[in-house]
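J.: Start from the sequences and build out the full structure, keeping to the hints where you can.
If you read the protein sequences in the order shown, they are chains A and B.
Mapping of the first sequence onto numbering that gives the first Met the number 0: residues 0 to 548, in sequence order.
Mapping of the second sequence onto numbering that gives the first Met the number 0: residues 0 to 227, in sequence order.
One or more of the hints may lead you astray.
Unchecked claim - Below, in silico cross-link-like pairs of lysine to aspartate or glutamate (EDC-like), each with a Cα-Cα straight-line distance of 16 Å or less:
{"id": "1", "chain 1": "A", "residue 1": "K61", "chain 2": "B", "residue 2": "E177"}
{"id": "2", "chain 1": "A", "residue 1": "K387", "chain 2": "A", "residue 2": "D397"}
{"id": "3", "chain 1": "B", "residue 1": "K175", "chain 2": "B", "residue 2": "D122"}
{"id": "4", "chain 1": "A", "residue 1": "K387", "chain 2": "B", "residue 2": "D156"}
{"id": "5", "chain 1": "A", "residue 1": "K1", "chain 2": "A", "residue 2": "E246"}
{"id": "6", "chain 1": "A", "residue 1": "K427", "chain 2": "A", "residue 2": "D88"}
{"id": "7", "chain 1": "A", "residue 1": "K450", "chain 2": "A", "residue 2": "E364"}
{"id": "8", "chain 1": "B", "residue 1": "K175", "chain 2": "A", "residue 2": "D57"}
{"id": "9", "chain 1": "A", "residue 1": "K427", "chain 2": "A", "residue 2": "E312"}
Note that these hints are calculated values from the structure, not bench results.
This one's a predicted model, so the numbers in the text were calculated from it and none came from an experiment.
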Amino acid sequence: MKVPVVTDGDVTADVVIIGAGVVGAMIADQLVGEGQSVAMLDSGPRIDRGQVVENWRDMPIKSRAGSDYQGLYPQNPYAPAPLYFPPNDYIDLSGPDGQSYAQDYIRAVGGTTWHWAASCWRHLPVDFRMKSAYGVGRDWPISYDDLEPYYCRAEEEMGVSGPHDLALQSPSQRSRPYPSDMVPWGYSDTRFARVVDPHGYNCVPIPQARMVQPWNGRPACCGNNNCMPICPIGAMYNAVHHVQRVEARGALVLADSVAYRIDTGANNRVTAIHWYDSDRRSHKATGRAFVVACNGIETPHLLLMAANKMNPEGIANSSDQVGRNMMDHSGFHCTFLADEPLWFGRGPEQTSCMVGFRDGAFRSEYSANKMILYNITRAIPATEQALKLGLVGQALDDEIRRRVAFGVDISISLEPLPDPNNRLTLSKTRRDTLGLACPDIYYELGPYIHKGYDAACDQLRHIGTLFNATEFAITTKLNANNHLMGGTIMGSDPKDSVVDGNCRAHDHDNLWLPGGGAMPSSSVVNSTLSMAALALKSADDIASILRKS
Amino acid sequence: MVTRICPGSANELPGECQPGETTLLAPPTAVAAPILTERPAELLNFADTAMTRRRIAVVISMTLGFFSFGRIPLAAGQLPAEAPRGTPLTDTEFLALSRALTGHRDLHPRTAGRMLAAFQRTDAAVYAALPALSRLPRDGQSATELSRSAQAAGLGDAALAVVTAWYTGTVGSGAKVEVVAYAEALMYWPVRDAMPPPSYVLGGPAWWVAPPPPVGVSGPPRAAGGTP
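T.: Below is the structure:
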């Protein structure tokens with residue numbers, strides 16, 4: 000077992016990884032398995048699951064109703080993440096759609112897999128060829144077939160349940176089956192699918208990183224209906240599972256360690272990364288290979304902040320694309336009361352999704368969509384609505400039961416195109432507690448999204464008629480979905496992209512930037528599985544290079 | 000399963016109260032037994048989905064575990080205290096008022112105490128209105144009738160604040176806000192046979208595959224409007 004060497008607080012390892020989320024932890028696991036010494040730094044603290052569950056239960060109703068999935072997580076005072084109840088304004092959002100980019104993410108060991116919903120979607124093969132197929136966006140320098148084996152491995156690493164039935168897979172091009180069959184549907188999913196499927200909406204099970212039987216030391220999902228903001232029993236995949244595994248095998252994991260400076264040397268290779276510990280003392284990590292996997296915002300943020308003499312516009316930024324092409328699935332919600340009880344809210348929070356408009360020739364003109372049947376209990380909104388009706392006693396209880404049983408909430412995701420104008424930059428005026436520049440993000444969604452929104456609204460109104468909906472409503476403000484993509488975009492040309500098909504920086508032979516930032520197209524599906532697949536592909540690249548040297 | 004909370008005992012001792020001591024029913028536990036005994040078909044449905052006998056045992060024990068969340072141990076120093084002198088309402092009076100306003104008999108005295116103290120700290124207007132409000136309830140009056148009489152007396156907002164606190168578990172708003180209950184919040188009760196308060200469970204793995212309970216209420220009125 001090869002372990003990092005620590006001298007006076009400085010670290011030397013074969014591989015230095017910044018960010019202990021799903022991407023960093025999975026790479027660490029692969030490289031520890033290769034016999035490499037691995038040091039992993041995370042800017043945030045270690046999380047105590049039980050304490051966070053208690054924090055959630057102690058949050059006021061307004062925060063819980065508003066889905067405050069940030070406020071319950073402890074933060075390193077030196078590594079802020081966005082807060083909204085009340086806002087901490089860590090990120091300044093501007094542009095016509097700035098408020099649609101108000102993201103949730105966690106800076107902590109385990110990263111944002113603490114409060115994800117564990118949806119593990121693959122991109123479609125055509126999602127890798129948006130420019131050639133539809134004349135919009137960009138092509139990836141790698142194909143679906145290149146990434147497919149890594150999708151399989153990522154699903155196996157995370158313990159994904161997905162449909163064995165080919166007809167229910169999206170996409171169905173697979174070389175290996177899911178590690179476990181789909182999380183079984185309850186009445187709500189089955190009934191909803193039966194009503195909408197004859198009309199082409201194609202309701203399928205969401206592939207998800209949880210199982211209904213114990214798996215690899217993980218308990219079975221018991222449907223606590225609390226995936227976001229915290230699975231109380233650890234049945235949902237969390238990057239801490241990989242973190243614990245690598246620590247047991249000799250990896251060094253340092254929490255509350257904020258990377259801020261990157262040294263480069265001969266041939267512009269990275270020689271060291273510097274960080275501040277929780278006492279604000281600076282240390283450095285040296286190694287042979289470096290990985291920055293902080294997430295789609297903090298990775299470009301760090302690269303820009305770490306500009307040095309040799310890389311005056313930022314690390315890995317000779318293309319000027321670091322921090323550009325920021326993407327996230329633009330979201331909105333459709334709610335209504337059906338004319339029959341459907342009983343959403345039983346089981347895990349997301350179990351099925353309509354993918355009938357995930358792809359089609361229309362994508363040359365406007366955005367595809369996916370429509371998730373939200374399975375979060377409607378008790379809170381039902382109660383708020385029922386109280387507004389002025390009811391009390393049995394009438395109030397009946398109204399709550401009616402609104403929960405008959406209520407539907409559909410969460411729609413649209414696909415933004417990469418646009419260099421949607422850009423993260425360093426604030427010239429705002430600094431964090433360490434004196435480091437805070438991120439600013441400009442965001443503007445063009446007609447591709449707005450036309451896609453209109454098309455989706457037509458589909459939703461039709462779905463509403465299928466259920467004789469009342470109180471039918473569609474939100475008009477697009478919300479963020481916390482799927483951070485594009486900021487360190489992948490491409491074959493170093494002039495207009497930051498990383499290659501292995502997520503290796505064009506500018507630095509020994510620096511990898513895997514994760515959502517590398518993704519040149521967002522599809523309409525949650526990005527985590529693609530990020531994990533890219534992580535494993537990077538890990539293979541790193542391993543082969545370290546073996547050679 | 001009836002849980003008795005014995006004032007003065009160091010721990011919650013189900014069924015072991017000393018003679019002469021008051022026994023109080025902890026609300027969520029009090030509803031657990033009827034649901035399990037009155038709805039045996041639901042458990043049989045679990046069996047129909049090819050669950051093993053062992054898993055049924057797990058379902059039952061976890062269901063009991065869920066419905067036991069409100070069993071709050073009352074140690075000697077934690078008994079519902081009467082309000083200190085100078086405050087407008089005692090805990091007992093506030094509990095009686097809460098029962099009348101919500102129509103729920105099975106509210107927990109300790110939660111009532113916490114809620115009253117939270118109103119005192121967070122909402123002076125509601126707190127000041129409580130004595131007048133507490134003089135309104137009449138024998139045999141429904142919660143709806145009491146609500147109307149509160150509105151007629153200009154106390155509608157205070158009445159709604161108390162009802163809202165019991166349903167949401169939250170008292171006050173903005174910077175002056177306190178959480179006094181989570182799973183015990185009444186908003187989860189009307190559907191407690193169908194789904195747990197989030198983070199709790201209603202059964203073992205894949206419990207949600209069993210059919211949902213009969214809805215027992217009418218559908219949304221068609222006249223409500225807002226059609227697609």
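J.: Would you mind marking each hint as holding or not holding in the structure?
T.: Against the structure, the hints:
Pair hint K61(A) plus E177(B) holds up; C-alpha atoms about 11 Å apart against a cutoff of 16 Å. Restraint check: the Cα-Cα separation between K387(A) and D397(A) comes to about 14 Å, which is no more than 16 Å; the hinted pair holds. A C-alpha spacing of about 8 Å is found between K175(B) and D122(B), which places the hinted pair at or below 16 Å, so the restraint holds. Using a Cα cut-off of 16 Å, the hinted pair K387(A) and D156(B) holds, with the two alpha carbons roughly 12 Å apart.
For the suggested pair K1(A) and E246(A), the alpha carbons sit about 12 Å apart, so the restraint of at most 16 Å is met. Proximity of K427(A) to D88(A) is assessed by CA-CA distance (about 14 Å); at most 16 Å being required, the pair is judged to hold. For the given pair, K450(A) sits about 8 Å from E364(A) by alpha-carbon distance, which is consistent with the 16 Å threshold. Between K175(B) and D57(A) the alpha-carbon distance is near 14 Å, which keeps this suggested pair within the 16 Å criterion.
Note on K427(A) and E312(A): the hinted pairing holds, with a Cα-Cα distance of about 15 Å set against a maximum of 16 Å.
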